Amino acid sequence: MTNILKMGPSPHIRTSETVEKVMYDVIISLIPAFLVAVYVFGIRAFIVTSVAILSCIVTEFVCQKVMGQDISVFDGSAILTGILFSFVIPVNMALIYVIIGSIVSIALGKMVFGGLGHNIFNPALVGRAFVQASWPVAITTFSLDGKAGATVLDVMKRGLPLDGALLEGGNQYVQAFVGRMGGCLGETSALALLIGGIYLIYRGQIDWKMPTLIIGTVFVLTWAMGGDPVMHILSGGLFLGAFYMATDMVTSPYTPKGKIIFALGLGLLISLIRMKGGYPEGVAYSILIMNGIVPLINRYTAPKKFGEVKSNEK
Amino acid sequence: MRFFGFRGGVHPPENKLQTENMPVEKLAAPKMLYISLLQHIGSPLDPIVAIGDKVLKGQKIADSQAFLTSPIHSPVSGTVKKIEEHVFPLMGRIKTIMIENDGEETWAELPKIENWEKADKKDLLAMIREKGIVGIGGASFPTHVKLNPPADVKIDTLLLNGAECEPYLNSDNRLMLEHPETIIEGIKIIKKVLGVETAIIGIEENKPEAIASMKKAAEGTGIEIAPLKTKYPQGGEKQLIKAVLDREVPSGKLPSAVGVVVQNTGTAAAIYEGLVKGTPLIEKIVTVSGKAIANPKNIKIAIGTPFSYILDKCGINRDAMDKLVMGGPMMGMAQFSEEAPVIKGTSGLLALTKEETNPYKPKACIGCGKCIGACPMLLEPIMFARLAAFEQWEEIGKYNLMDCIECGSCAYICPSNRPLTEAIKIGKSKLRAMKK
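Line by line, the protein sequences are chains X and Z. Here numbering that gives the first Met the number 0 is used: the first residue of the first sequence is 0, the next is one more, and so on. Here numbering that gives the first Met the number 0 is used: the first residue of the second sequence is 0, the next is one more, and so on.
Read the hints as simulated data drawn from the structure, not as lab findings. Please read all numbers here as calculations on a predicted model, not as lab measurements. We put the beta carbon where it would ideally sit given N, CA and C, even for glycine. Be aware that one or more of the hints could be misleading.
As the list claims (entries may be wrong) - Computed footprint of chain X on chain Z, listed as stretches where at least three residues anywhere in the stretch have a Cβ under 8 Å from a Cβ of chain X: (1) 101–109; (2) 268–276.
Unchecked claim - Calculated from the model, a selection of chain X residues having no Cβ within reach of chain Z, i.e. all distances over 12 Å: (3) ASN2; (4) TYR38; (5) VAL57; (6) LEU94; (7) VAL293.
Next comes chain X alone, as it looks inside the complex (with noise of 0.2 Å):
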């Protein structure tokens, strides 16, 4: 009898994206959130950000061998989550806080859950949140230019004149849109997080749906609030959280009708945290909320099935 040849279900032949092509695609345009963040803080940026993709890389490494798991370091997914968590933490915070913060977004935030897909909660702001709960006052002190100072957000929720936050002299509107604001390291140009956001819409990795209602809801909320739309999209986490956090594709949902709903809750949750909340900023903490409900919003979403029969019709 000849030798059996390969057998195998069909189909044979699969597309050309793979886990890894998805998390470098995004890897890829966080870039110019990057260059603009060591752009305006300096070289720290850059030690912030290696410092934290390192501590994931190695904790991801450590529990995939002790559960017993095949090592997948590099498919991306854990340098991803180290950017995202530099990215929104103060540029000045401690190193040490920065290596406990990555640490526990990826034991915590994602290897506890089972790993890559299995994990409910954003991993890089389970370890904000972490930070935010331990550390309260190293994850709010912000400064620009060597100047310790306020935010944006933090000078609108007081009642404030712009003057006094952390901003670059000339057109404020100009100067947030393009990054020179205080912030967290890498929330602060909602320009170069734009462009990343189109890179990725461009290449199918997310809806643009969902980051346009995000900005969008919160952009007529804190308008009918009271508040100054503009300067309200253009500070804050709010372009880093609906490009790259909300579209996070395991924590968000997977049918398109899901897809609306949660970005028209995330919208509501951090206008209203916001405006209405004791925090200047509501981003992490709307996603986070957002995430926990996603296994309930699939579960009411579904698509409309071909030829689908109403039960009394049938």
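Once you've looked at the hints, dock chain Z against the given chain X.
Chain Z in isolation, oriented as in the chain X frame:
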């Protein structure tokens, strides 16, 4: 002609360039033919010849009294050498009649119905069965049963499937280019059998010459040609009905529920050949392709020819071959042996290299939802894989698993290469077992 399209679907690389301009080449039958006794959807046949019998070309050699069956005929004149289990391209082994070809090509008496316009519908259906005609598209459903829906079912439209949406394949395409008149004549016969006025041929736009060829052949006949946007799986019958007529076949029902019967263009031609020329279904047009084949081509070959014979004739590089697939790459069957023979449902033979199969070790599901966007039946394949992994068969049924047409679009598009088609096939067999 309005085009309504269908939601979902994917765009795998077409790979049709290698063979779309190659005229069908008739390949002589080999020394031994292996006629499998199940070449249709339904029950296996019983041989009506014995070992040692001499048979003529076109002579009936196996039949059955069971309802869902279609007889099989010898593709050559020769002697019956063995009747035993042999490799079967649809998995495993099955009882097979092995005929030694005497090379004479002596035909049997071939009854025909040349004046089909005057014939009775009953007689036409009986002859369609007698000639062993089954759906040429690949599923091989007995045609005489499909064209005879129950009396209470009203059919108003005949749709012809000239989509050929699978990559690599060109067999339907070449037939439409080389013998369009046989298809048109066959359509006329089917129209009479079904008693319909409207016949529409759907052809994907990646075959512009075929569209032109069929338009010309259909002039003055009232048969319409509907060009279709190229997207896999446009050739799925439910997708075809949706795209051309904007009718959605209800879940769990057949196309007859919306007044439509779908037939492959090749089936129409086979009906013409069978009834008017008397030729039973004994040969197939097969596209032989894949990067491991040095000379890809379209061949006309006798049913029962082992794949190894065909591969050798087309310059196979066995070291480069990763998988041998019968049919198209999206829904075809990977073969475990080259000794499997051509059957009525064979329209393609692909020797694919690793470059084409692109193997990738499966990773965890990342919840991207691309499978949901790709599904032409608008299901949630993401849940099929997850529920199957935890063996939640009752739950999986609630997600309309039985509506899945197994087109493979979800598995194709998955970045993590999740075992979606496996989950679906196992899930379906579990659900069927539960129903019993």
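Here is how each hint holds up against the structure:
| no. | hint | result |
| --- | --- | --- |
| 1 | 101–109 | violated (count 0) |
| 2 | 268–276 | violated (count 0) |
| 3 | ASN2 | 9 Å, violated |
| 4 | TYR38 | 33 Å, holds |
| 5 | VAL57 | 21 Å, holds |
| 6 | LEU94 | 31 Å, holds |
| 7 | VAL293 | 9 Å, violated |
When the structure is compared with the earlier hints, violations turn up for hints 1, 2, 3 and 7 and for no others.
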